[in-house]
Structure formats: structure tokens, C-alpha cells
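Peer 1: Kindly produce the complete structure, drawing on both the sequences and the hints.
Chains as they are written, first to last, in the numbering used here: chain A, 1 to 193; chain B, 1 to 145.
Since the hints were made in silico from the structure, they are not lab data.
There may be inaccurate statements among the hints.
Unchecked claim - Calculated lysine to any residue pairs in the SDA-like style (CA-CA distance at most 25 Å, straight line):
1. A:97 with B:54
2. A:36 with B:54
3. B:81 with A:70
4. B:81 with A:153
5. A:107 with B:54
6. B:87 with B:48
7. A:106 with B:53
8. A:105 with B:51
9. A:25 with A:164
As the list claims (entries may be wrong) - Far from chain B, some chain A residues (derived; all Cβ distances over 12 Å):
10. 24
11. 34
12. 38
13. 49
14. 74
15. 156
16. 165
Please read these numbers as outputs of a predicted model, since none were measured by experiment.
All C-beta atoms, glycine included, are put in the ideal place defined by N, C-alpha and C.
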Amino acid sequence: MICAGIVSTGCSSPRSVRAAAQSEKDRKKAPDFSLKDATGATVKLSEYRGKVVLLNFWATWCGPCQIEIPWFIDFQQQYKDSNFAILGVSLDDDGWKSVKPYVEKKKINYRVMIGTEELSQLYGGVDSLPTTFIIDREGRIASKHEGLISKSDYLSEIVDLLKTKSDDNETNVPKRSASWNFVRGFPAFLRAR
Amino acid sequence: MFAASPHSFAQGNVLTIAPPDKLIAKAGATAEARLKVELRTGYHCNSNTPSDEYLIPLKLTWTPGALEVGEVVYPKPQMEKYSFSEKPLSVYTGDFEIVTHFKVPAGAAFGDTVIPAKLRYQACTERMCLPPKTVDVSLPVNIVK
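Peer 2: Encoded structure:
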């Protein structure tokens, strides 16, 4: 059972929540949204149809988010030409005031937007951070992760989804070598999650 | 009771504050109020002096009223290492107390009053964080001769 609202549903354990990737028939359409990125350009989720999208809700004050961000920078670098994209949605209350310097300092290489309450609600209510959705090439939510999971878990999901053919694009299996070697060498305590 | 964030995260009470005892304050003297705070097991919140510039400190802010607010004394933080941090973080866990020193003006009106305050904090577990939250606090005070 997925305990979706770690605190509000009365789950006593503060552990993160992991949801395995859903089978294709059970996947629901990822709600479309339109937000501005740091450059002022419009980011519309529906324009990413045909790509696997990692949609990450985060904030500058969130410690576990700071662990994931370098992984995402790595994924973006590795798979940017493999029909894959990362979209970061910050839920910092003060918006770009905190987020812009952070993005510059951490050299975030993927698109970052400031989230809205409406967007959080569209995605079922984001109760804690990080919360990450993996969206398949058909624009459907393949999985939702609340809390920190391992880099290898993300990577295996992404690679699996990239293997699937979309209506619009050919199968695009990324090269395994560098990142898979990295995953194999990843600390066991994180791999095991 | 809880101030809403622009992003309305659903959030239970991972931090609770015991209703403070009535403070008997003598006009012209000093008085000390102790705020008892409890964090749910498995959670920590940043101390008043977090280790990282991006982390949100615990902060108790009193609204000026019948008493003059002096020093707010936070407990000594714990330095805890979490899987998401490279170095130990300055945090509070479990039960702790925040002490506030007040000065009672000599001309303060006698009788009962309430001094309001706000406690802002941001809590996390080993793997996830809840958004910053502000809790209202009310300190009942009886000013006597």
C-alpha cells in the first residue's frame, strides 16, 4: 500500500514513501501545466510529449533535495539527447529570490520553475519534499516518489521508460556504460533503498 | 492556529507546544517564561543557528505587549549527521525548552493579560522535509504588585 500523505494520513513512520513504477494500463495522465522558468521562458509539460520527464518538487531549505540535485544534474547531462528531460519545481515561499541564486550556485543544468498551490493540488497535493514524478513518453505518471530514494532507483526507472517506444518517437535506449558503472559503485546504503 | 504557507502542504503536528503556565510577573521586576516543545520521534528541526545558509532556523518571536521582551535563550543544539548531509547539522530533536526573559515595567497595569508569540520552525526526517511552519503561542501573564 502506498501511504500518500506521510503525516496527514497518520502513517507513524517518518520513512520516505516509494511507489514502484505503475504498469502502463494503470497510469494516469500527468496534469498539464504552464510555468515560467528562470529565463522567463514558458515551460509547458505537454510540449515534452515523447520524452521521459522527471518532475521534481523541491525547495532550497530541503536537505534531502540537496542530495538529489547533483544526481539530476548528472542525469540531465547524460540523457539530454535521449528523449529525457528534468523539470524542477521549487516550492520556496519567496520564489526566485531564493531559487535563482541557488540554481546559479549549484549550476543546475535543467529547467527550474516556481510552483504554485494550484500545481501542487493538480498533482494530488505535495505534502513533503522532495516529491518526484516520473512521467512516461505518453505523458502519463509512471511513478511517484515521496522522500529521498536512491540514484540507482531513479536511473533504472528512467532507463526502463526510455526503452519503451512512444507514439511519436523511436525507442531510445541510453548508453549504459558510464552511469551504470556509477550506479554499481554507489554506496550500498543508498542502493538498498 | 497554524499560519498557512503560500503552498498549503498537508501537515500534522510534528511539533507540539505545551500550553505555558501562567506567568506571575511582579511590576518592576524580571520574569522568566519556559516554553516546552516536543518534536515527534524521527523528526528533527533546525536549531536557531542552522549549519547551512539555506536551512530555516527555529525562531520564537514575541509580540510587544505588557512586558518588555529580553533575551530568548534557545537550548544547546545537537550536532547530528544525516544521510542527506555531508556534515553534522545543528538541530533539535525530542523535547526541549525555550526560555524567555521578560522585564516588567514598574508602571505595568496589574491583572491578567496575554503575551502572544510565534514559533517558526522547519522539520525533516532522514529522507524528507516538511515545509516551514509558524505556530501561535499565547503566554498567560498575571501582573502583580
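Peer 1: Each of the hints needs a verdict: does it hold here or not?
Peer 2: Quick rundown of the hints versus the structure:
Taken as a hint, the residue 97 (chain A) and residue 54 (chain B) pair is honoured in the structure, with Cα atoms around 12 Å apart against an allowance of 25 Å. For the proposed pair residue 36 (chain A) and residue 54 (chain B), the alpha carbon gap of about 23 Å is at most 25 Å, so the pair holds. A hinted pair counts as satisfied when its Cα atoms are at most 25 Å apart, and residue 81 (chain B) with residue 70 (chain A) qualifies at roughly 19 Å. For the proposed pair residue 81 (chain B) and residue 153 (chain A), the alpha carbon gap of about 23 Å is at most 25 Å, so the pair holds.
This hinted pair checks out: residue 107 (chain A) and residue 54 (chain B) have alpha carbons roughly 16 Å apart, not beyond 25 Å. Proximity of residue 87 (chain B) to residue 48 (chain B) is assessed by CA-CA distance (about 17 Å); at most 25 Å being required, the pair is judged to hold. Only pairs whose Cα atoms come within 25 Å are accepted, and residue 106 (chain A) paired with residue 53 (chain B) is accepted, the gap being roughly 13 Å. Note on residue 105 (chain A) and residue 51 (chain B): the hinted pairing holds, with a Cα-Cα distance of about 18 Å set against a maximum of 25 Å.
Restraint check: the Cα-Cα separation between residue 25 (chain A) and residue 164 (chain A) comes to about 14 Å, which is no more than 25 Å; the hinted pair holds. In this structure residue 24 (chain A) is separated from chain B by more than 12 Å, as the shortest Cβ-Cβ distance comes to about 28 Å. Once the 12 Å rule is applied to beta carbons, residue 34 (chain A) is consistent with being away from chain B; the minimum gap is 18 Å. Taking the minimum C-beta to C-beta distance to chain B, about 17 Å, the non-interface status of residue 38 (chain A) holds against the 12 Å cut.
The Cβ of residue 49 (chain A) sits about 27 Å from the closest Cβ of chain B, beyond the 12 Å cut-off, so the non-interface label holds. Listed as outside the interface, residue 74 (chain A) is consistent with that label: its C-beta sits roughly 17 Å from the nearest C-beta of chain B, beyond the 12 Å cut-off. The non-interface label for residue 156 (chain A) is consistent with chain B: the shortest C-beta to C-beta separation is roughly 19 Å, beyond 12 Å. Every Cβ of chain B is farther than 12 Å from the Cβ of residue 165 (chain A); the closest lies at roughly 34 Å, confirming the non-interface assignment.
Hint compliance for this structure: no hint is broken.
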